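Visitor: Next come the chains, spelled out residue by residue.
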Amino acid sequence: MDFANGIRLFTRLASVGAISLGLAAVAAAQGLPEGYPANYQATIDAAKKEGKVVVYSSTDAASAGPLLKDFQAAFPGITVEYNDLNSTELYNRFISEAAANTGGGDLLWSSAMDLQVKLVTDGYGQTYVSPEIKSIPDWAHFKDQAYATTYEPVTFVYNKRLVPAGDVPKNHDDLLKLLQTKTDAYKGKVTAYDPERSGVGFLFFTQDVKHYPRAWDLNKAFGKAQLKLYTSAGAMIERVTSGEHTIGYGIFGSYALARQKKDPNLGVVLPNDYTLIATRVAFIAKSAQHPNAAKVFLDYLLSKRGQNIIANQADLYSLRSDVEGEATLKAVEKAIGDKAKPIPVSTELLDSLDQKKRLEFLKQWQAAMKGQ
Amino acid sequence: MRLFNYGLFRLAVIAIVALAVLAPLVLVFYQSFLDAPFFQPSAKLSLDAYDFVTSDSDFWDAFANSVMLAAGMTAIAVPLGAVLAFLMVRTDLPGRALLEPLLLVPIFISAIVLAFGYVVALGPVGVFSIAAKDAFGFVPWNLYSFPSLIVIAGLMHVPHVYLYTAAALRGLGADVEEAARVIGAPPWRIALTVSLPMVTPAILFGGVLVFFLGFELFGLPLVLGDPQGLLVLSTYLYKLTNKLGVPSYQLMAVVVVAIVAITAPLVAVQRRLLKSANRYVSMRGKGVRSDLMRLGGWRWPALAIVIAWFTVTVAIPLFGIGLRSVVTSWGEGVRLSEVLTLAHYGDLWDYPNVVRGIFNTIGIGVIGGAVAVGVYTLVALVVHRWNSGWTRLVDYIVMAPRAMPGLVAGLAMLWLFLFIKPLNPLRATMISVWLAYTVVWFAYGMRLVSGTLLQVGPELEEAARVAGATTGRIQRDVTVPLVRYGILASWLLVFLIFAREYSTGIYLLAPGTEVIGSLLVSLWGTGAIDMVSALSVINVLIIGLGLAIAMRLGVRLHA
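As they're listed, the protein sequences go chains B and L.
The first sequence begins at 1 in the numbering used here and counts up by one.
The second sequence begins at 1001 in the numbering used here and counts up by one.
Isolated chain B (complex conformation) (with noise of 0.2 Å):
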């Protein structure tokens, strides 16, 4: 360890210390931000008096670190209890612990948003409108009770080294001509998520279907060139830099983003015709037990101060049009215009969870593998 995170440690130790010995003590006198009711103060004192906030995140520690000590400043006497967990696990997690009737997450946050809007659907969120709606897209609440926080555009990744210039896709067509004119150069080169095996991967290769008309044929070349699937977004972006790989599709941006900081040999393309935008939709659980501490993480996420940490030092991309930075709603309409495609937070998303679709779709996908 160096100097400097020997400092680092250091102080560290010290606030970690500091908190505990009760920073409430420091009167942080915040004034209520702008546009929000003047009762506001009073969850905020009930939020206070909870002490803490229970969240379920499958946002990892890494990347949620900034934010959360952000909050601690703003809401000093708030503590995060931040569970990093994989989706799947989230979700399993939560309605076991709902099941068993015992205290467990006050607010889920997680990237599965087909298993978020499920949730909320059956019951298991609350409602709560948040005096931050105004300032997010119409797309991205559902019955007052979820709401998108992230602006994640779906991008194709390069490695700089390997792929020459002008073979680099500019969008879906450049990618399918790509593949069907240098199946051999490519084969085995190019990686995806894995939709049987992995929720992110099922989700944003059936929206493809709904924004592209070749599609199948893309699946088809895919299928061709033998696909690389995987689980995780880390394990495609580590084979694409190491060269084991050469192209990912379909690499959430924030990831990528976050990559390419510590390894420039990292290239990210949105695509022009089309770029889907993924988010991580939070809400707050009915069997909440520090609601109001709940209903403070929720709008602090979506409020411009936390916006500003979610783009600037998170990396996961602010879906607000009045927060600045690389990582921003407004970057990605800079770059593309209207072709940026959220995916609506809505009853839409359950269509992945029906099992008989579900399993069509697959059928189709595992014929496409084959090249047929």
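Think of the hints as simulated: they come from the structure by calculation, not from any bench.
Please note that the accuracy of each hint is not assured.
[Unchecked claim] Away from chain B, derived, C-beta distances all over 12 Å, residues of chain L:
# : residue
1 : I1014
2 : K1044
3 : L1098
4 : P1201
5 : G1544
[Claimed, not checked] Example chain B residues on the side facing chain L (calculated, C-beta under 10 Å, incomplete):
# : residue
6 : D60
7 : S63
8 : E97
9 : Y230
Treat the numbers as computed from the prediction; the structure is a model and nothing was measured.
Glycine included, C-beta positions come from ideal geometry on N, C-alpha and C.
Using the hints, position chain L against chain B.
Guide: Just chain L now, kept in the frame of chain B:
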């Protein structure tokens, strides 16, 4: 009267063990016959889940692959493990003292860590692969092929066969070998025709164990089978989690039932093999000294075999993971000298959950391991030299949780902690993790301890009995004191196992219950590979430290 009490005590212990060990399994069995999660009011009895799984062609592929994998790795691990045991125990192989702990290293490192190390070292663009490509113009191996998986899994399980064979060989008098040597047989011939045949039951026992472990192998096929879509039963189970969008416990439960159905008969086979347990008796009232066989000219080739095995199984993957932890990028066209960094280690300290995970891992290994060994010792004593149906029963039931992949065992444990109200408050504490680990590793721990107990010759205990001591007194004053080093060794081995465990704790992961293993899996999923590699190295260092302490204390690392 006292005897009667002791009998009652015995039965009570067995009942508690059965309850702790069988509860998760019973729950999973029950779940397999439902059409929805068991806790949903709408759940009905149904065989639909069985229909679904048995008509899914992926299941049968996975099934066939699992059988081939288990058979293949047994075929590799058994001969190699037996030969290594012979070399280490019966010959004057150079550097034995140093090699002994190294031989056991693969048992103690997360398969997922090793697997990822292999990708960095030997994957299509791994450091060694690129070097090979530069030298020969092509890469002479394909890490992701099924044969590679079998070979790696086989090599990694050599220590299991080694352990049992070595223990048996130690108990074997040298007189028969000497007889063979006198008539001029070379060492390899003595090994093949005299020593090893005499310990056949132990070798077979190790072989059956490896075959058994082949079915629940998860980390290796997860990482190495991933790119080819190669499925084995445990990764098929993982796939089922998402097949229907919403996690379908009943389908997962059916696969667990299938795995149990295959592995249960194996336990019966093991049981038969153990019947020759008295062959292992080595610590008798009268010592047996045996001389080591001189290898002569065979010394160096023999040493080369051991070192080659170690290099492929441990050194290469550890080098891979170590390398990954100090670079920002790797692979084709990357000059490693330009990407070196120590930042990943510094970054770890930015995450309080990771820091807690490191301390928790040490805690559960040291303290949890000690308590677990206490439990294992108690149960082992209860069935020690007790010829009864109950003993057989214990042997069967402690194996049961091993038949469940760790992920499912962990989920079942979560359910128990949720739905059994008195256990509720313990859920978000390390006690839940400890209980899960203790149950999952029950068979392993019991074998360690009872193996140690069996080394005490029955004549010593009989002497005490003749002198009028009760069973409890004999165990307290004779058996346990004699095996205290064995129990200390068991503690260290359990420490190492607990420190590396990765899948069982995933569902119990919460602030305060992080352990390195479950953090690795959760970080791997989100793509923080930098942290995964650095944390892996720390995990290996903790385990290395445990091994070093064991050696320093002169603990023999075998049961």
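Visitor: So which hints don't hold here, by number, going up?
Guide: Violated hints: none at all, because every hint is consistent with the structure.
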